[in-house]
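Engineer: Respectively, the protein sequence lines represent chains A and B. In case it helps, my numbering puts the first sequence at residues 1 to 111. In case it helps, my numbering puts the second sequence at residues 1 to 112.
Bear in mind the hints are in silico, worked out from the structure with no lab data behind them. Just so you know, not all the hints are guaranteed correct.
Below, in silico cross-link-like pairs of lysine to aspartate or glutamate (EDC-like), each with a Cα-Cα straight-line distance of 16 angstroms or less [to be verified]:
#, chain 1, residue 1, chain 2, residue 2
1, A, Lys3, B, Glu42
2, B, Lys99, A, Asp51
3, B, Lys99, A, Glu30
4, B, Lys99, A, Asp59
5, A, Lys55, A, Glu72
From chain A, some residues computed to sit far from chain B (all C-beta separations above 12 angstroms) [unchecked claim]:
#, residue
6, Glu17
7, Asp28
8, Arg44
9, Val52
10, Glu69
11, Ser75
12, Arg99
13, Leu111
Built from N, CA and C at the ideal position, the CB exists for glycine as well.
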Amino acid sequence: DVKVTQSSRYLVKRTGEKVFLECVQDMDHENMFWYRQDPGLGLRLIYFSYDVKMKEKGDIPEGYSVSREKKERFSLILESASTNQTSMYLCASSSQLGRQFFGPGTRLTVL
Amino acid sequence: DQQVKQNSPSLSVQEGRISILNCDYTNSMFDYFLWYKKYPAEGPTFLISISSIKDKNEDGRFTVFLNKSAKHLSLHIVPSQPGDSAVYFCAASHSGTYKYIFGTGTRLKVLA
């Protein structure tokens with residue numbers, strides 16, 4: 001059974017903290033993605049990676065960075081968390097031109 | 001600029017009847033479309049897809065229709081069941097890119 005796991009389901013952080021969200025997939029997929037989901041805005045792409053150490057900005061990369069040192073792992077980093085980064089964060093993976101498989105999501109609250 | 005639009009934020013349907021969820025897109029380069037279903041506190045799960053070379057794809061109770069000239073796709077669920085109550089997202093992509101553009105979602109409520 002294919003699986004995408006995310007390090008935390010719920011996270012509460014303070015403004016200014018550095019936050020790491022981790023995602024691991026076991027499907028040997030080349031592509032990995034980070035989205036955030038907000039009411040009325042749907043899923044918006046933050047960053048994606050099509051290979052180890054490769055990354056591309058999505059539609060809303062400001063305030064975020066990513067790291068992909070191994071094929072199965074894709075990390076999202078909030079360098080200095082702000083309240084407007086309170087959101088549901090979703091990680092996904094896909095093979096070449098294939099459909100995406102999503103993790104369960106991390107609900108991040110920044111106080 | 002919202003390239004993929006789901007203009008109905010919510011929809012209520014009686015159990016056993018047909019649910020029709022709509023999605024419009026503006027980019028004529030899109031050639032692959034998907035529907036995802038999302039329950040609260042879970043990640044989206046893939047439901048059904050369609051390529052632009054087809055105008056219909058069916059999988060059990062779920063059928064997706066694509067009208068390329070109108071840049072419109074729809075998801076039909078027949079018959080609707082209470083377990084279908086979820087948020088449905090359409091997504092679009094075009095060849096040569098790994099990115100999908102998602103709509104804002106439609107919350108479907110199937111009433112028993």
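Engineer: With reference to the structure, classify each hint as holding or not holding.
Structural biologist: Results of checking the hints against the structure:
For the hint pairing A:Lys3 with B:Glu42, the CA-to-CA distance comes to about 13 angstroms; that is within 16 angstroms, so the pair holds. Straight-line distance between C-alpha atoms of B:Lys99 and A:Asp51 comes to about 14 angstroms, which keeps the hinted pair within the 16 angstroms bound. At roughly 13 angstroms between alpha-carbon atoms, B:Lys99 and A:Glu30 fall within 16 angstroms of each other, so this suggested pair holds. A hinted pair counts as satisfied when its Cα atoms are at most 16 angstroms apart, and B:Lys99 with A:Asp59 qualifies at roughly 10 angstroms.
As the CA atoms of A:Lys55 and A:Glu72 are separated by approximately 14 angstroms, the hinted pair is consistent with the 16 angstroms bound. Distance to chain B confirms A:Glu17 as a non-interface residue, since its nearest Cβ pair spans about 24 angstroms, more than 12 angstroms. Separation of A:Asp28 from chain B is adequate, the least Cβ-Cβ distance of about 16 angstroms exceeding the 12 angstroms criterion. Listed as outside the interface, A:Arg44 is inconsistent with that label: its C-beta sits roughly 8 angstroms from the nearest C-beta of chain B, within the 12 angstroms cut-off.
Distance to chain B confirms A:Val52 as a non-interface residue, since its nearest Cβ pair spans about 15 angstroms, more than 12 angstroms. Once the 12 angstroms rule is applied to beta carbons, A:Glu69 is consistent with being away from chain B; the minimum gap is 19 angstroms. Under the 12 angstroms C-beta cut-off, the non-interface status given to A:Ser75 relative to chain B holds; the minimum distance is some 17 angstroms. Interface exclusion of A:Arg99 from chain B breaks down, the closest Cβ pair being 5 angstroms apart, not more than 12 angstroms.
Non-interface call for A:Leu111 relative to chain B: holds, since the shortest CB-CB distance, roughly 21 angstroms, exceeds 12 angstroms.
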